[in-house]
Amino acid sequence: MNNIGLPQMLIVSSILFFIGVYGFLTRRNMITMLMSIELILNSVNINFIAFNKYLYADKLDGLFFTIFIITIAAAEAAVAIAIIINLYRSYKSIDVEDANTMKF
Amino acid sequence: MPGATLIALIPILPIASFLFIALVGKKYFPKFCGILGTLSLLGSFIISAITAYQYFLQNGKVNGIYTQLTPIKFSWLQFSPGVSIDMGILLDPISVMMIVIVTFISLMVHIYSLGYMKGEERYATYYSFLSLFTFSMLGLVLSANIFQIYIFWELVGVSSFLLIGFYYDKPSAVAASKKAFIVTRFADLGFLIGILVLAFYSGTLDFQTLITRLTTHTDQLNNAVTTSFLGMSALTWGLLLVFMGGAGKSAMFPLHIWLPDAMEGPTPVSALIHAATMVVAGVYLVARLFPIFSISGQTALHVVAYVGIFSSFFAAIIACTQTDIKRVLAYSTMSQIGYMMFALGVSGYGGENGLGFVASMFHLFTHAMFKALLFLCAGAVIHYVHSNEMKDMGGLRKLMPITHITFLIACLAIAGIPPFAGFFSKEEILQAAYHSNMTIFVLAVITAAITAFYMFRLYFSIFWSKSFVSHHSGEHHHGEASGTMLFPLILLGLMSIIAGLVPFGKFVTSDGKELETAFHITFSITPVLLATGGILLAAMLYKKENSKPQTISDGLGGLYRSIYKKFYIDEIYLFMTKKILFNLIGRPAAWFDRNVVDGTVNLTANLTGKVSVAIRGLQSGKMQQYAIYFFIGVLGFTVLFIYLWI
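Here the protein sequences come in this chain order: A and B.
When the count follows our numbering, it moves up by one through the first sequence with no breaks and lands on 541 for the last residue.
When the count follows our numbering, it moves up by one through the second sequence with no breaks and lands on 1526 for the last residue.
This is chain B alone, in the form it adopts within the complex:
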């Protein structure tokens, strides 16, 4: 294991680069900041890779079980002898896996942005924000304390807000960043209450102690299970509230509304934050507390499963109708994260039952690769076409060969076609679902088919369909993207092919023991066939420009329109907030505040003012007058004294 200092460098390098760029670099050598950010992250990535290598292959195991290590830990804020907010680093299979993913994807995005953001006015600011985000995310996954994770959780939220609103002169970007911040913040309220509930019953904030106390038969667990509130035990409430925070960050229904709008940020940011890293924070959180969920909080785990599968299905349907390519990708992200969530939800703890957990983490890993790749390709396409709309694209396969190939790889991977990465993780998830819950399994298979359909709808609309007509007549086109943009595409494309071959069950399991993941060829026939069917359908409808899609959407009429409008969820939210919340609660409260609360304060102030004006003549500035008051006073006291005591 590398020394504690070296591990601490993983998050420290990005924060140092953030501070340096923001304070010094931005002003004096803005052109150089991109290289600087990239280099610091390269350092982080190398250390993470070394750590992962040593943890997984050399000394992470004790008696064949991966243990949890805390190389660094110090008390930051002590509430009582047992309860303190610690700052520490916790290494276990999932956090080690996460630091590798986060630093790798972030590094790719950094390199890609060197080309993509070139010539941008706030180039240096952009890199400082990227560094800040990477720091927060690394801090989040390495947290050893549930409150520490909350702190970094909020930092991630803030940096996401900054990056979504990067083009702050665009009103839609500002609105999107506010929306993302408010929605996730609202969810985090639940998270905070959940933390407090769990901490209250377990008497600790430390992850390891928390998990031990709430999974073995202790007084704390007894207390938490027997105390009930509104028909559910306190433990279930705590876990559900924590999950609410996770659902907010991971864009689970009904807190998903911010994710599609978040696509207003620069595309590499979408790749980094809204595809590969931040949005899986919720999954990570559930995985972190997984022993509690699976051993003592089955009810909460069922909620996780159903929310996951519903979001997955729901987002897949919406994705079929969207025309903005980034929005399609956003909904597919939501759908895939739903996959990870329900995989956790159907999983048990330990041994064979823990297959869902392994599958979920595996899917997180592969998804990060191909989803980042999809977004980066979309970025290259948008860079070329100067538009997000599908109708402006088409026939780009000859013009951008490398982007085309890598995008195809990513689409095959997400559709679950063997031997690409997504196939393996998806099969594991489906197997886990098959063994535990039939409803979820059926829905998941259907979702997989829809996924294949809409991804290839996207692919054919961008690269095939009609021949490309530039909307910028007279402008000379720059052809395929530059080298710094292509390099990450190729690397991620390679990863999307080979990532599925990693024997994941050996490394990341719910209880640290190795799990041999069996692979049933007969089982995978149905999903693969369905996915292929989805692809063929997409090919039929979108490969050549024709009127069939239009006919179908017209045929569906109102249904199509409501799906296109994302089932009016945004409108429902607006109605709920504007009409109900604002009118029924907001306005009366504002009236009360303005008239009663302010009124009382104003009355006091006015009264004081009036009295002061009335008696200010006493303060005449004439010394002798004061002396007279003084003598009169003394005389008065004397008389009083004589009258009372003599």
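In isolation and in its complexed conformation, chain A is listed as follows:
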């Protein structure tokens, strides 16, 4: 257990982040894209926690930020799902490729 330090934490969060990015860019299903965004947010959370714990153990700022992000992520998910539902009503699909009217 002792050999788990800041680098390991950052590696995990990076992996999580790029999985999220990969999912966001490749998936065509909006729900899956939303989930990928959650992954990205969580990787950021891990970063905050890790830096807080290993660099400024006597402070709580990192924790506060994490809690904020979780709250906002929840709200954002609600909004995003509302948008997705509306899109579904218009296009009868939740494939991003179908929602392509916002172009030149």
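You may find that some hints are simply not true.
Restricting the straight-line Cα-Cα distance to at most 25 Å, the calculated cross-link-like pairs of lysine-lysine (DSS-like) are [as the list claims (entries may be wrong)]:
(1) A:Lys540 <-> B:Lys1502
(2) A:Lys540 <-> B:Lys1386
(3) A:Lys529 <-> B:Lys1502
Calculated directly from the structure, the hints in this document are not laboratory data.
These numbers were taken from a predicted model, which means no experiment stands behind them.
With chain A fixed as given, assemble chain B onto it according to the hints.
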């Protein structure tokens, strides 16, 4: 003095009637609009008359001098502490006299039009325009600020444009209205520059301050006189440019070309605008600034005098050859206004020297009466004959007795036969000219004789000559004009007889002091004899239809033709504008505009368009593509950041 509110009503009544007729009356009770316009003007006239009575006879004088009063004045647009455009009312002898003339003539024209325009399709519109015109003219003469006068000056121009082009389905009327507008507008450009020059050197736009500063020894006057540009002082330039505006409105040579064409409008309009009121605006303007002209701007005043006498003489010659009766009257108007102009030009300031000023204003007053009468009579004749051409008329004296008598009175008045109105004012003008400039005097006397000749040529051709043959066979003729048309004729006829008896020097002088105008019986013998000679000559040639006029005109050949063609002034203008101005300046400028200016703009637009088409693929509407750009961007910045700082 009536209260300020009451005086303000003088111009407000006509504008109110204009707005009411144009917005409401035209749609809901068009038949009633004429009465409405006439009534509002009657109100204006009564207030003006009261104002004039109180100003001249009761309380206009302070220590025996007529003062300038400003019952109303407020700042409208402030440029700097000293310079502001004010809206105000300035009462002094000339403006009080003018409001009486304007409202009186306008009232006559309103009443006359009740009969003349009856059954006209745009009857209500016509009355709204008349009201607008009267409002502008009243505003013009009451102005207390040189910029205010400019505003009303333009309003007068616009309403004149509307009225000349009243029969807008007639191409000649449209052309005439455009011509009038463009020519006067061009002159007004000079007026505006003149205002700016005067305002720049005097540091004010207010008439009273302006006149005080530019006539007494102040720094401003010094500055204006010593600064010179192209050999003339700045003050002279300013005054000349202001006079250019006046010459445009008053149809002085060479800006007179619009006036004869303006006769395309309805005849009562010609009586109101192109005879009695608007065309004297230029004279009024010079009279308003007269102290500056006579005390500090002698050079400019000489120009006024020579332009005046030349226009007067020139127009009188042309008038002898015209065959359209309204055109003859138009040229006679131009000639008479030339008289007023040179009378101002030969006048000095104050006391005995100010005789020319008195005479000019006096002539303005009497001329308004008889010229309006002439036009209204001509209107009645045209109404009867349905033609403007002299050859269609003749022998009308039995058919239209009242018109005949009043027309005769007006002709005698304009010819300067005693005891009619024109005699007195003309004698004063001639006296003023006699005492100051011999050349002008001689030309003026000759002009007076020619005036008598062409007016009686007109009179005999209309009312005598052959017996009248109607060109509308089978149509029942309506005889003498209706009552509403005859009433103004009779009233104006009376005025043309008695207006000359007004002791004008007591009321309107250059410096406000009374001037006893001496009357020399020996002096007036020559002009009267010459005028009588002109009348007799006209009687000989035109009383009975004969071939003498034809013989004479044939004998004169080319000269007659060129006079008939108005000395080809119109053609010269056309040549100047079309051939020289358009070809040498207009076309190259148009080419430059089309190719270089437009080219630059088009190039920019095309370039932008091409680039946009090329890169529009980036805006694909696919969200994930945007996200990729975003990540690539962030990555790029990160790399940059690392490379630069770490």
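Hint numbers contradicted by this structure
Of the numbered hints given earlier, the structure breaks just one, which is hint 2.
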